[in-house]
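Peer 1: Sequence:
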Amino acid sequence: MKKWIIDIRLLRQIDVPLVVVTLAIAIFGVMNIYSATRISSGTFYLRTQVIYILVAIVICYIILLIDYNLISNYSDVFYWIGIVLLLATELQGTVINGSNSWLKLGPLPAIQPTEFLKIALIIIIAKKVSTMDGSINEPRNLIKIIVYTMIPLILILKQPEMGLAVICIFIVSSILFISGLNLKIILGTIALGIVVCFIAWEVLLQPYQIARITSFLNPEAHQQSTGYQLINSKIGIGSGGFWGKGYLNSTQISGGYVPFAHTDFIFSVVGEEWGLIGTGTLLISYGILLYRILKISKMSKDILGKLVCVGTFASLTFSIYQNIAMTIGLTPISGITLPFMSAGGSSIISNFMALALVLNISMRKKKINF
Numbered sequence: 001m002k003k004w005i006i007d008i009r010l011l012r013q014i015d016v017p018l019v020v021v022t023l024a025i026a027i028f029g030v031m032n033i034y035s036a037t038r039i040s041s042g043t044f045y046l047r048t049q050v051i052y053i054l055v056a057i058v059i060c061y062i063i064l065l066i067d068y069n070l071i072s073n074y075s076d077v078f079y080w081i082g083i084v085l086l087l088a089t090e091l092q093g094t095v096i097n098g099s100n101s102w103l104k105l106g107p108l109p110a111i112q113p114t115e116f117l118k119i120a121l122i123i124i125i126a127k128k129v130s131t132m133d134g135s136i137n138e139p140r141n142l143i144k145i146i147v148y149t150m151i152p153l154i155l156i157l158k159q160p161e162m163g164l165a166v167i168c169i170f171i172v173s174s175i176l177f178i179s180g181l182n183l184k185i186i187l188g189t190i191a192l193g194i195v196v197c198f199i200a201w202e203v204l205l206q207p208y209q210i211a212r213i214t215s216f217l218n219p220e221a222h223q224q225s226t227g228y229q230l231i232n233s234k235i236g237i238g239s240g241g242f243w244g245k246g247y248l249n250s251t252q253i254s255g256g257y258v259p260f261a262h263t264d265f266i267f268s269v270v271g272e273e274w275g276l277i278g279t280g281t282l283l284i285s286y287g288i289l290l291y292r293i294l295k296i297s298k299m300s301k302d303i304l305g306k307l308v309c310v311g312t313f314a315s316l317t318f319s320i321y322q323n324i325a326m327t328i329g330l331t332p333i334s335g336i337t338l339p340f341m342s343a344g345g346s347s348i349i350s351n352f353m354a355l356a357l358v359l360n361i362s363m364r365k366k367k368i369n370f
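full-length UniProt numbering applies: residue 1 is where the sequence shown begins, and numbers increase by one.
These aren't lab readings, by the way, just hints derived from the structure by calculation.
Check before you lean on any hint, since a few could be wrong.
When the alpha-carbon atoms are kept at most 30 angstroms apart in a straight line, the in silico DSBU-like pairs for lysine-lysine are as follows [to be verified]:
no.	residue 1	residue 2
1	K245	K234
2	K144	K245
3	K128	K365
4	K184	K104
5	K184	K295
6	K234	K184
7	K365	K298
8	K184	K158
9	K365	K144
10	K144	K301
11	K298	K184
12	K301	K365
13	K158	K144
14	K245	K128
15	K128	K158
16	K295	K245
17	K295	K128
18	K144	K128
19	K128	K184
20	K128	K298
Based on the provided sequences and hints, a complete structural model is requested.
Peer 2: See the structure below:
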């Protein structure tokens with residue numbers, strides 16, 4: 001029984017501000033999910049999101065029980081499980097919104113393996129780099145990292161999930177940059193990733209998928225098709241003004257004019273109902289969350305902990321930026337969710353798992369004699 005209880009001395013070292021701000025964002029997310037879906041689905045999405053959060057918290061607790069160094073020893077196992085799940089998705093996946101990125105496992109809800117592979121990628125790249133003893137610029141070490149990155153990247157692009165592929169590139173590039181990789185090599189790696197994405201664009205994407213991605217450049221020209229979602233998202237956010245229309249008082253969202261408002265376009269709900277005050281507060285909350293991750297990275301007792309924090313920081317930063325930017329027409333529309341806010345089990349659980357690893361590192365930043 002005792003092995004399932006976290007030592008109080010470890011708990012005293014946990015980053016409380018990070019825990020508080022993460023839970024606050026998640027609760028705010030549940031509120032906005034309910035607002036976006038109450039008319040069409042009642043309390044269904046509210047209840048399922050609460051269940052996902054509770055499951056995520058239980059998984060987080062289990063992760064906190066185990067020293068992150070021990071977890072990293074199984075990085076290859078986690079990585080190859082992720083690859084197997086991606087292959088299973090390729091063969092037996094479920095197509096949702098034009099993307100074959102979902103996998104049904106028996107009676108369980110469909111999962112998106114790519115979300116969990118991001119965590120495995122962070123752990124394995126951080127582990128491999130941390131054992132290279134500063135020799136990351138050696139060709140054999142660099143080739144090893146590229147291979148570990150390209151295998152899932154190719155499978156993700158085949159789904160196709162361009163947004164998640166870019167996140168993986170951003171994660172690996174950030175870890176390599178902090179590790180002291182030559183800047184020219186980093187730029188070359190990014191260029192290689194862009195070339196791969198371009199090839200995927202030309203070979204794998206269907207015309208309707210390309211239209212969905214490029215419609216943000218001129219949504220008015222596609223207002224009855226691919227531009228419809230973005231146009232109404234911008235109308236909703238703009239109509240919220242400074243104070244917002246008030247909780248549960250949206251018109252664009254409640255009227256069903258913004259498809260997937262509870263998932264990819266949850267920021268539109270915040271903008272319309274909570275206004276500039278609400279969106280600003282959310283951005284500040286994300287800023288605090290990311291700052292705490294960076295602080296934990298700097299205080300980490302070893303290079304592994306530092307790199308895991310950097311990978312998590314990179315993943316969350318890009319996801320936050322891309323999701324918000326696409327809802328206001330700055331970037332192409334993708335399937336990237338807003339961390340801790342959007343509805344969905346794979347997204348919420350995987351993001352909580354990543355935060356649990358960071359909290360695990362914060363708890364063990366000092367050596368404790370048991």
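Peer 1: If a hint holds in the structure, say so; if it doesn't, say that too.
Peer 2: Hint-by-hint comparison with the structure:
no.	hint	in the structure
1	K245 x K234	holds (15 angstroms)
2	K144 x K245	violated (53 angstroms)
3	K128 x K365	holds (20 angstroms)
4	K184 x K104	violated (42 angstroms)
5	K184 x K295	holds (28 angstroms)
6	K234 x K184	violated (39 angstroms)
7	K365 x K298	holds (10 angstroms)
8	K184 x K158	holds (28 angstroms)
9	K365 x K144	holds (29 angstroms)
10	K144 x K301	holds (25 angstroms)
11	K298 x K184	holds (25 angstroms)
12	K301 x K365	holds (5 angstroms)
13	K158 x K144	holds (22 angstroms)
14	K245 x K128	violated (50 angstroms)
15	K128 x K158	holds (26 angstroms)
16	K295 x K245	violated (36 angstroms)
17	K295 x K128	holds (23 angstroms)
18	K144 x K128	holds (9 angstroms)
19	K128 x K184	holds (21 angstroms)
20	K128 x K298	holds (20 angstroms)
In summary, the structure is inconsistent with hints 2, 4, 6, 14, 16 from the numbered list given earlier, while agreeing with the others.
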